[in-house]
Amino acid sequence: MNLALDMMGGDFAPLEAVKGLQLYLRNNNAVVYCIGDEQQIRALLSEHNLPEDKIAVIHTTEVIGYNENPTKALKEKPDSSISKGFQLLASGKVDAFLSAGNTGAMLVGAMFFLKPIEGVSRPTIASVIPKIGGDTALLLDVGLNVDCKAQHLDQFAILGSIYANSVLGIATPKVGLLNVGEEEGKGNMLCKETYPLLKNNSRIHFIGNVEGRDIFNGGADVTVCDGYTGNVVLKLGESMYDIAKSRDMHNDEFIRRFAYENYGGTPILGVSKPVIIGHGISNDVAFCNMLQLARKMIETDVCGTIRTAFQGAPTTAS
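Counting in the numbering used here, the sequence shown runs from 1 upward without gaps.
Errors might be hidden in some of the hints.
Mimicking EDC-like on lysine to aspartate or glutamate, the simulated pairs with C-alpha atoms at most 16 Å apart in a straight line are [stated by the list, open to error]:
id : residue 1 : residue 2
1  : LYS235    : GLU253
2  : LYS296    : ASP95
3  : LYS77     : GLU118
4  : LYS192    : GLU211
By construction, these hints were calculated from the structure, which means they are not laboratory data.
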């Protein structure tokens, strides 16, 4: 298993990336391509006594900053750590690429270097959501597609169901449509047009509309919505954890599960190979869990399962 890790992405890179890599390699066997400034990386690898036989350093001279235009930066910085990571992934030298760097550049790079799986009109990003009782659910889209058509949400339901089954281990994921009411016919035009598509989709287990209050305690394992709504929900959840932490309430068993580092990163679903985007403030635990997630996506071949599911399917108009 060969993994590519952007060592320059993140507010605390490359130190936290190296520390996360150290945690990961204690219990996992993989070759990790560390991409970035070789001098900085090798000094930290030596300082933390990482095994040389499990590390391949790929030197790059450029970094894409958080405030740069993603498309422009990828074109003008071909020797950036993000560009090089996608080059390695597209060429087949690595099996997955992970970065806590510029999110927009990661999204554009995935579309430019890998392309969507045939039949997938719009790749999506999904976020793991903790549920009361200890279960885990999935919310998508959470920001990649802020404007959607009903056909896109219908595909998100399939993508989310496959991921929930393969990676989260949920046998028959229950799919809900995020809406302002439970009754059929509720909601805006997007929800009204999406509902019958999900209802008649034989490849998912649709349970109907779910409301905002159901996300953390309801019956849905996969909740679908447009990226605008999903991103608002995601950021609201993050703010709840921040508030709880500031008031010293974050040791509650449920609240603790909102900590971003527990999940490592967010996968892009619908592209041909595993691509994982980490939080900009990723610490060592987050980097370690990003690598764990990449390993699980490779072992379960979730991208291959998606490819098979969409084989022969007409691509929805974007």
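Against the structure, the hints:
About 20 Å separates the Cα atoms of LYS235 and GLU253, which puts this hinted pair outside 16 Å; it is violated. The hinted pair formed by LYS296 and ASP95 meets the criterion: a straight-line CA distance of about 12 Å does not exceed 16 Å. A threshold of 16 Å between alpha carbons decides the hint, and for LYS77 with GLU118 the separation of about 28 Å lies outside it, so the pair is violated. Pair hint LYS192 plus GLU211 holds up; C-alpha atoms about 14 Å apart against a cutoff of 16 Å.
The structure shown violates the earlier hints numbered 1, 3.
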